[in-house]
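Asks: Given these sequences and hints, build the entire structure.
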Amino acid sequence: MVVQASSTGDDRLIIALDFGTTFSGITYCFTNERDSSPTSIEYWPGSDGAGVPKIPTVIRYDSPVSFTWGAQVNRQDGGIVGVKLLLDPSQPRPKYLPEINVEEELGKLPKSPVQVAADFIGAVYNHAMKEIGKKVSQDYVKLCRKVYVLSVPAVWSDAAKNSTLTAARAAGLSPVQLIKEPEAAALWTAKKLDVALHSNDAFVVCDAGGGTVDLISYQVEEIDPRLKLKELVPGTGGMVGSLGLNQRFECAVRKLVGERQWKNLQPSKAYQSAARQFDKEVKKYFQGKLEDDEDKGLESNTWTMTGEDVMAIFNPIIYDILKLIDEQVESVKLKLGGQNPKYIFLVGGFGSSQYLMSQVEAKYPGIQVLQPPDAWAAIAKGAAISGMETEATVTSSSSTRHYGVEAWGIYEEDRDKGRPSRKGIDDVTRVEVMTWYIKIGEDLARGKTIRFPFFRSFAEGYTDSDLQYNIDTFRTNCTVVADLSKVPKEKFTRKTTEGKFTTIYAMI
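Residues in the sequence shown are numbered consecutively from 3, following our numbering.
Keep in mind that the hints were calculated from the coordinates and are not lab data.
From the three backbone atoms N, C-alpha and C, an ideal C-beta is built for every residue, glycine too.
Incorrect hints may have been included.
Below, computed lysine-lysine pairings styled on DSS-like, alpha-carbon distance capped at 27 Å [unchecked claim]:
1. K441 x K230
2. K194 x K148
3. K325 x K441
4. K344 x K232
5. K425 x K337
6. K148 x K230
7. K365 x K194
8. K450 x K148
9. K193 x K337
10. K194 x K110
11. K232 x K337
12. K148 x K137
13. K441 x K337
14. K193 x K232
15. K136 x K230
16. K193 x K230
17. K335 x K493
18. K257 x K110
19. K136 x K148
20. K148 x K132
21. K194 x K335
22. K194 x K137
23. K230 x K493
24. K450 x K232
25. K163 x K257
Derived CB-CB ranges, DEER-like [stated by the list, open to error]:
26. R278 x H200: 42 to 52 Å
27. Q274 x D12: 29 to 39 Å
28. R417 x E492: 34 to 44 Å
29. R403 x T431: 29 to 39 Å
30. G80 x S176: 46 to 56 Å
31. R147 x T306: 56 to 66 Å
32. K335 x G135: 49 to 59 Å
33. R448 x G80: 16 to 26 Å
34. I225 x E133: 27 to 37 Å
35. T306 x G135: 35 to 45 Å
36. G80 x A447: 40 to 50 Å
37. E133 x A447: 30 to 40 Å
38. R278 x R14: 35 to 45 Å
39. N128 x G80: 18 to 28 Å
Replies: Have a look at this one:
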């Protein structure tokens, strides 16, 4: 049934995309409806009926312009899996995961990772818009101002975030707002879980997905009239998601049968069926105990896995996740004078693992560990409500790194003695110094602007090459390009010493 809605002129359609390593989904909501609850797209091409909020993040190219995607792709058909991780190849991989050659993986792609991601995002988005049009008048959908929200891992580099934005824009999503995955999960979990949150309560969100596990801790600032949260400590995480379990399962089978038999076994229907069973059932429902069969081991082309076999696959990854959680818990205690966080929320696909839940509970008996009932869709739904003024909001973030600019500062004898220096055209001795805008762990209020003034002086008749200034002692987070050619000359300050020179002021 198509719903006819009336437009007030300010109506917005918020479309939130959870572009995951292994699974992706879209949730949407309208801001004019009495019930503005987010709705997940639950029908996808190739999926087994409705009620599925996510589809596999996989794409297979028949040609550079023709491809199939999502549940339509059989994993045996050679589809591209995990392209999201190639958007941030700088992320360190745990030693227990199979090594990959990034250049080799990139060479297998028919396009750049950004272009592949754009194709997949575009296909998911276009299908979602068709599904929305089946439930709400398409004329009304066209009238609504579109707001796009895209979730990204909390620990991703700025370059990776920029690549994700570029892919989304190429797919037709613009303008796009980014939200950290655990932040989106926190907003939805705080809304849906039947727990009593009070002012100053602290909790840790562990978003355990397919490729990455991200964690951020929050503290409640206000309850009424609107729930307000602030980040307590910088987000942390790593590439220790459930995709590692699949890779370790494959390695275990490969080691068991040997390289010669593995070549025949891997493409077989029997192995693919076993891999699917491990992915769909063992990963989610394994609790740390299995009844060992007396005839365990490899016999009659069957491997009967013991509890020890499964734990050998799980435990290295579980250990790393517990280590990440412990870092957050200890940081919260340090910030709160020794007080524990009240809750640990486990969200994401891997966050619904019963074994992970049991291990976290065992390690933190004094902290309540909770899994929201719709943990798998929590990120997309939280991202959707993040764009609504009436829902919970995060008022400040905690910086995950230092940000600064290197420039020539005035020489100070006590600080700079012995350092390389030079005299500028203004006859002032200067040295290279860093101006730090933001320090790691610093609270950053949303909407707050941080400004620092800079200036450079140039002799009359300067060339474009004089304006260039390159450094290689710090990692570049972003490059700011300013076109000053359209600024009227009278806006610049011209000074005179023994000769004429121009001083250009900039506020960054």
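Asks: Compare the structure with each hint and give your call.
Replies: Here is how each hint holds up against the structure:
The straight-line distance between the Cα atoms of K441 and K230 is roughly 24 Å, inside the 27 Å bound, and the hint therefore holds. Between K194 and K148 the alpha-carbon distance is near 25 Å, which keeps this suggested pair within the 27 Å criterion. Among the hinted pairs, K325 with K441 is consistent with the structure: their alpha-carbon atoms are about 24 Å apart, no more than 27 Å. Distance restraint check for K344 and K232: the Cα-Cα separation of roughly 15 Å lies within the 27 Å cut-off, and the hinted pair is therefore satisfied.
Using a Cα cut-off of 27 Å, the hinted pair K425 and K337 is violated, with the two alpha carbons roughly 45 Å apart. Restraint check for K148 and K230: satisfied, since their Cα atoms lie roughly 25 Å apart, inside the 27 Å limit. Restraint check for K365 and K194: satisfied, since their Cα atoms lie roughly 25 Å apart, inside the 27 Å limit. Taking the CA atoms of K450 and K148, the gap is about 25 Å. The hint holds against a cut of 27 Å.
Pair hint K193 plus K337 holds up; C-alpha atoms about 25 Å apart against a cutoff of 27 Å. Simply put, K194 and K110 have alpha-carbon atoms about 42 Å apart, too far for the 27 Å limit, and the pair is violated. Of the supplied pair hints, the one linking K232 and K337 holds, its CA atoms being roughly 13 Å apart against a limit of 27 Å. At most 27 Å may separate the alpha-carbon atoms for a hinted pair to count; K148 and K137 meet this at roughly 17 Å.
Of the pairs offered as hints, the one joining K441 and K337 holds, with about 16 Å between alpha carbons and a cut-off of 27 Å not exceeded. Restraint check: the Cα-Cα separation between K193 and K232 comes to about 15 Å, which is no more than 27 Å; the hinted pair holds. Between the alpha carbons of K136 and K230 the distance comes to roughly 35 Å, so the proposed pair goes past 27 Å and is violated. A threshold of 27 Å between alpha carbons decides the hint, and for K193 with K230 the separation of about 11 Å falls inside it, so the pair holds.
Note on K335 and K493: the hinted pairing is violated, with a Cα-Cα distance of about 52 Å set against a maximum of 27 Å. Restraint check: the Cα-Cα separation between K257 and K110 comes to about 25 Å, which is no more than 27 Å; the hinted pair holds. For the hint pairing K136 with K148, the CA-to-CA distance comes to about 17 Å; that is within 27 Å, so the pair holds. Using a Cα cut-off of 27 Å, the hinted pair K148 and K132 holds, with the two alpha carbons roughly 15 Å apart.
For the suggested pair K194 and K335, the alpha carbons sit about 26 Å apart, so the restraint of at most 27 Å is met. In summary, the hint linking K194 to K137 is supported, as the alpha carbons are separated by about 24 Å, within the 27 Å threshold. For the proposed pair K230 and K493, the alpha carbon gap of about 43 Å is over 27 Å, so the pair is violated. Using a Cα cut-off of 27 Å, the hinted pair K450 and K232 holds, with the two alpha carbons roughly 14 Å apart.
Straight-line distance between C-alpha atoms of K163 and K257 comes to about 37 Å, which puts the hinted pair past the 27 Å bound. Between R278 and H200 the CB atoms are about 44 Å apart, so this pair conforms to the stated range of 42 to 52 Å. In this structure the supplied range 29 to 39 Å is violated for Q274 paired with D12, their Cβ-Cβ distance being about 51 Å. Distance hint check for R417 and E492: the Cβ-Cβ separation is about 37 Å, which falls inside the suggested range of 34 to 44 Å.
Between R403 and T431 the C-beta distance comes to about 31 Å, which sits within the given range of 29 to 39 Å. At roughly 32 Å, the beta carbons of G80 and S176 sit outside the given window of 46 to 56 Å. Range check, R147 to T306: about 58 Å between beta-carbon atoms, so the 56 to 66 Å window is met. For K335 paired with G135, a C-beta distance near 50 Å keeps the hint of 49 to 59 Å intact.
In this structure the hint that R448 and G80 lie 16 to 26 Å apart at CB is violated, the actual value being about 44 Å. Distance hint for I225 and E133: a CB-CB separation of about 36 Å, consistent with the stated range 27 to 37 Å. Distance hint check for T306 and G135: the Cβ-Cβ separation is about 50 Å, which falls outside the suggested range of 35 to 45 Å. The hinted window of 40 to 50 Å between G80 and A447 holds, with their beta carbons roughly 48 Å apart.
For the hinted restraint 30 to 40 Å between E133 and A447, the CB-CB distance of approximately 38 Å keeps it satisfied. Distance hint check for R278 and R14: the Cβ-Cβ separation is about 40 Å, which falls inside the suggested range of 35 to 45 Å. Separation of N128 from G80 is about 24 Å and conforms to the stated range, judged on CB atoms against 18 to 28 Å.
Comparing the model with each numbered hint stated earlier shows that hints 5, 10, 15, 17, 23, 25, 27, 30, 33, 35 do not hold.
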